[in-house]
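Engineer: Could you put the whole structure together from the sequences, leaning on the hints where they help?
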Amino acid sequence: MTETILAVDRVTKRFPGVIANDAVTVDIRRGEIHCVLGENGAGKTTLADVLYGVYRPDEGTVTLNGEPLELHTPRDAIAAGIGMVHQHFELVPPMSVVENVVIGTSASQWLDLSEVRDRLNEFFHNYDVEIDPDAEVGRLSVGEQQWVEIFKTLYFGVEVLILDEPTAVLTPQGVQELFRILRRMRDEGLTIILITHKLKEVMELSDRVTVLRLGKVVGTVNTADVQMRDLAQMMVGREVLFQFDKERSDPGEPVLEVDGIHLPSVTGRGSLKGLSLTVCAGEVVGLAGVSGNGQNALFDALVGVEKPSSGDIRIGGVDTAELSANRIAQLGMASVPADRIAQGLLMDFKVKENLVLGRHRSNTFSRGGLLNRGAIDGFASKSIEGFDIRTPSASQSTRTLSGGNLQKVIMARELSGEPKLLVAHQPTRGLDISASEYVRRRLLEERDRGAAVLLMSEDLDEIFQLSDRIAVIYDGRIVSETTPEQADLESLGLSMAGADSVDVGSAS
Amino acid sequence: MTDQITDRAPSDPQPEDGGGRRDPLSMLFQPGAWRIEKRLVVRPWHEFITLIAALVAAVAIIAGLVLVIGKSPADSFAALYNGAFGTRESTLETLVQATPLILTGLAAAIAFRAGVWNIGGEGQFFAGVMGTWFVYDLWGGLPAPLLFVLMFIFAALAGAAWASVASGLLVRYGTNEILTTVMLNFVILYILSYLLAGPWQSPDTFYYQTQRMADNTYLPRFFSVSRLHWGFAIALLAALAVYWLIRRTTLGYEIRGIGSNMVASRYKGIRVGTVTLATMAISGALAGIAGFGELLGLHHRVQLDIAEGIGFTGIIIALVARLHPLGVIVAAILFGALVNGSTAMQYETGIPKALVFVIEGTTLALVLIAAMVSRYRIRKTG
Amino acid sequence: MRKLMDRRAFALVTMVTALALIAGACGGDDEPAATTAAPATTAAPATTAAPTTTAAPTTTAAAPATTEAEMTEPAEEPMGPTELDVAMVMLGTKEEGWYATFIDSVHRVADEAPHGLTITLEQIEEIPYADGERVIRDLAQTGDYEIIVAHSTYSDAVAAVKDDFPDILFAFSGSGNEPTGGNGYWIDVFIHEPAYLAGIIAGAMTQTNHISGVAAFPFPNVNGPLNAFIDGARFVAQQLGKGEITFDVAYIESWFDPATAQEAAAAQIAAGSDMIYAERFGPFAAIEEAEGVFGFGHFTDQLGLSPVVLTSAVARWDAAFMDLVDAWYAYTTEGVAYDAPMERIVYTSMVDGGSSLGEISDLVPADVQDGVAQAEAAILGGLLRVELKTDPIE
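Just so you know, the protein sequences line up as chains A, B and C, in that order. Going left to right, the first sequence walks through residues 462 to 969 as our numbering numbers them. Going left to right, the second sequence walks through residues 625 to 1006 as our numbering numbers them. Going left to right, the third sequence walks through residues 8 to 401 as our numbering numbers them.
Accuracy of the hints is not assured; some may be wrong.
Stated by the list, open to error - Output of the computed footprint for chain B on chain A, the stretches with three or more beta carbons under 8 Å from beta carbons of chain B:
(1) 807-813
(2) 826-840
(3) 917-927
Stated by the list, open to error - Calculated lysine-lysine pairs in the PhoX-like style (CA-CA distance at most 25 Å, straight line):
(4) A/843 to A/881
(5) A/768 to A/811
(6) B/695 to C/101
(7) B/695 to B/977
(8) B/977 to C/396
(9) A/768 to A/734
Said to hold, decoys possible - Derived CB-CB ranges, DEER-like:
(10) A/629 to B/667: 28 to 38 Å
(11) A/690 to B/872: 38 to 48 Å
(12) B/799 to A/480: 43 to 53 Å
(13) C/296 to B/766: 56 to 66 Å
(14) B/838 to C/151: 33 to 43 Å
(15) B/929 to A/782: 53 to 63 Å
(16) A/729 to B/871: 29 to 39 Å
(17) A/835 to B/799: 37 to 47 Å
(18) A/782 to B/871: 34 to 44 Å
(19) B/839 to C/299: 54 to 64 Å
(20) A/597 to B/799: 33 to 43 Å
Calculated from the structure, these hints are not laboratory results. Even glycine gets a Cβ: it sits at the ideal position worked out from N, Cα and C.
Structural biologist: This is the structure in structure tokens:
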């Protein structure tokens, strides 16, 4: 099993101002699971796109089975035997599984659907997957859709399968199921390249791992030879703390009291069905759950852009039912939305303008309807320094900032008013290790300052790391509560999957 | 096992036609070979270069057209330039043409900044004209300064009110403002036709028009040789005011905010509805003031034909100016020059009017395309 | 059928006699206030406009009228100007009847080379109302044009520009806004007389006793020929004992909208009309689709436009333009000040040369043609006066 199937030789790919891949050399062996590990911006996805024909390398060569590869399009890659499953699926939701497979083939050819169906059934049976080939793809779960994507590439007879961050959308159980199938495929001779930034997955699944940092290969190692800590060091170039030295919390008075709120799903952001929750001063409550179970609706209701049809929300004892989003914020609530770009920032604005968004009418930053530019500039330079926002200047267009720096802008803005309540929704999603670490530390600092922190996250590690209490949201309700000390991953996963008979204890 | 799978799969989806499909031309358009990407930041020199490219292309196309009909391109462009800027008079006349366009351009620009698509500049222009005449008709005997102030206020209010019909429907019922503003353009013209055929019609003539206004209500002119009137100064001040409003005030911040990202603005407590109403009122008022200026500066009587697309042209001007208030001034003057120069081209060189329209349209289209193109870049990836 | 023709021929003879009587009766009638300047002085044999009511008899239209004959020879003198450049500003295109007739007249006058002048015409099309002043000023500033002609909606524009260019003669034609005086001449032609003759044909030939008009706006210029058309038709129908004629008119509220005009005509035909006066373009298309329905052209000779056209009431600006040339020439060579009357100079009658009847279709029976010829002679001879009515038709 040491024969090289795919050789990447000194591949360089430049984008204006950035070298995404700098003389990257990797050899992928036939029949191995090879992880490509790196922080966001390390060049992992660029490398995958080069292998899949999306980009052509500026320098260097790629050889497959000893033959030089000349890829112009993904179509060429598939023809050569390389398939890829992206983070965002390329499926047509209203069409059936079979049709989605066929749609990737040449449309001019007449295809016998029943033949395709038979072959799919065979695949599914082979891998113990229960999917009806005639089911509408839009009705399948996210995990099942991912399998459809994978089997689609198998249908085309690829030898090398590239997966880009495949676990980002899955529950812990879903991850295990995926890994099981990937191992089976590996055992049957398929070569798998897995793009990820999650160390645990690398350790669990891979045979070998190549670590990228800033576009360069740090090294390729046998997974069995290394510890997680070593990989983390390779990845960020320094030692990483996996466990925060978190002091025990000393919860004070309840700050946020949510009492049986209902919110119908009118905006397509999920619904709430009698959700109750309390967050006290000086504690972090982690809200775990698979996405789409009402987290967005809860966030909207707390921020005040949607009003519950019944139930109460009180912040610091004040009922927010009749208050505008602006007034609620003035009660001392800060919020970090899940989608920074869509919900948190005005990308056309300057960095300094975004730093005062929401407080631009306050006496601090305006006077008589005029923006107080001196105060804004002063606050901006303080924030940029205090939160280590990497930007050429406070007047820089927000659009040019990286994901981590965008999140820092939001954090700087939201924490500047010393909020009594901080609602953070997926605060580290898409961030690399250093940025995530930074955000998490700030959240704990807020807790220690005495703020009530509600952390809504799909990253269970994060929940475990930061929370003083853990609540699980499922189908618009809190189905269980526990503490990190009492909880274990498995029961929590079951709870998230809707097995709400399982009560893992209560901390309130 | 993998081999097994491979064996059973069709060895290749396109064994035969795959070769024939790959001609050099199609290679050029393959998404993998060339990429069109949105620029993160559009720098002024990007815009400048694309604008120059657009003008060069326009000149080339126009020269070609002029050659086709057997005229001299050099003479034509000379006539175009001279008609627009050749003499002091023509330069001033270009500014006269630009005056209402600055205001309707600002009206469109501020609304578009907020992401509100006010296509009703034409109707709001007429609302302003009608507001002005209303005051004159009712209180024409008042001392001139007071009358001017009243006419100005009523023109602005009428424009704002007419725009607010659309924004009210938008905020209250979510009615698409593009549809309502366009339709309101027609509605106000029907109302005006009724007034001009009835209560407001001048008894002296048979046309659908009012009487000519008294001399003392004419906006003063700057030079004896030109029609350039105080409306131009009003337009310049309005541009500065809009610039100041957008950059310096909290309302301007919120206008830009809801235009940039309405969802985020809402999450951060900006009252989107209120800001929308305020924006449209300002937008309508600007178009209304354009009507005030045209009526008192040039036409001195209300007539259905006094706008000639001033409101719609304002939209183009705003887009060409990238919604920048000061850019609107430049774009409006350039457009005024084009209008002014193209007439001269018509009678100096005998180019038919139809071709003049083509020339105006081509230039505008290319400048607009340039505005879009400057936001993208094309990169060869292979 | 034969019998009918005989009766008709007889009736036409009596009709003409009756016309003479009417002419006598109308002779002393006063004229509509706004349309003075036009003479009832049919005695003058020359094709000139001789305003009887203008305040300044020595200048304007009257003056050139007298000088024209004498000036033809002195124009050869080397002192005088040899070229006259005319610019014409149009709201629409030069093909539209209103402008086409004027352009034709300019060319006819140019062919005559009055005062030995070489006359050239620059045509500037499709200038919106709002742009009128700018364009007229622009043209004046070039210094290339001695006479600038515009449409009457531009009278405000002419009023604003004319004082800045005292050497240029400005003219505007049509129902008009307001007179400007000085070097701004307001000219117009009325074509109710040929419209009356067309009405004679319509009245004689209608089978349904229902005739119609499709027109633009209820403006005097529009209403004049329509009223005359119906008067002619009613008169001849009465003479022939055909009974009461029904007349209706559709105002399409546009100067150019053939589709609407066609629809209006189709509706009128459906209502029983069989003679339609097409004051605007469009009705002939509807008439061609119907049986036994005929149309009448307006302003230009439209006989060739469609087989259903029986004849046209044609406008002629020759005299008006010639007077403008004369006024300019007198100013330029002798320093006779421009002094346009503070009212419209109307070339009312066929005698003035302001209008004529177009060619008559062969479909019109000979006896009817004879009757029309007699009536035409009566108008030209001063025996018959067609009354100008400018009120809208109900």
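Engineer: Confirm or reject each hint.
Structural biologist: A quick look at each hint next to the structure:
no.	hint	result
1	807-813	holds (count 4)
2	826-840	holds (count 5)
3	917-927	violated (count 0)
4	A/843 to A/881	21 Å, holds
5	A/768 to A/811	31 Å, violated
6	B/695 to C/101	21 Å, holds
7	B/695 to B/977	14 Å, holds
8	B/977 to C/396	38 Å, violated
9	A/768 to A/734	13 Å, holds
10	A/629 to B/667: 28 to 38 Å	34 Å, holds
11	A/690 to B/872: 38 to 48 Å	53 Å, violated
12	B/799 to A/480: 43 to 53 Å	51 Å, holds
13	C/296 to B/766: 56 to 66 Å	59 Å, holds
14	B/838 to C/151: 33 to 43 Å	35 Å, holds
15	B/929 to A/782: 53 to 63 Å	56 Å, holds
16	A/729 to B/871: 29 to 39 Å	36 Å, holds
17	A/835 to B/799: 37 to 47 Å	42 Å, holds
18	A/782 to B/871: 34 to 44 Å	37 Å, holds
19	B/839 to C/299: 54 to 64 Å	59 Å, holds
20	A/597 to B/799: 33 to 43 Å	34 Å, holds
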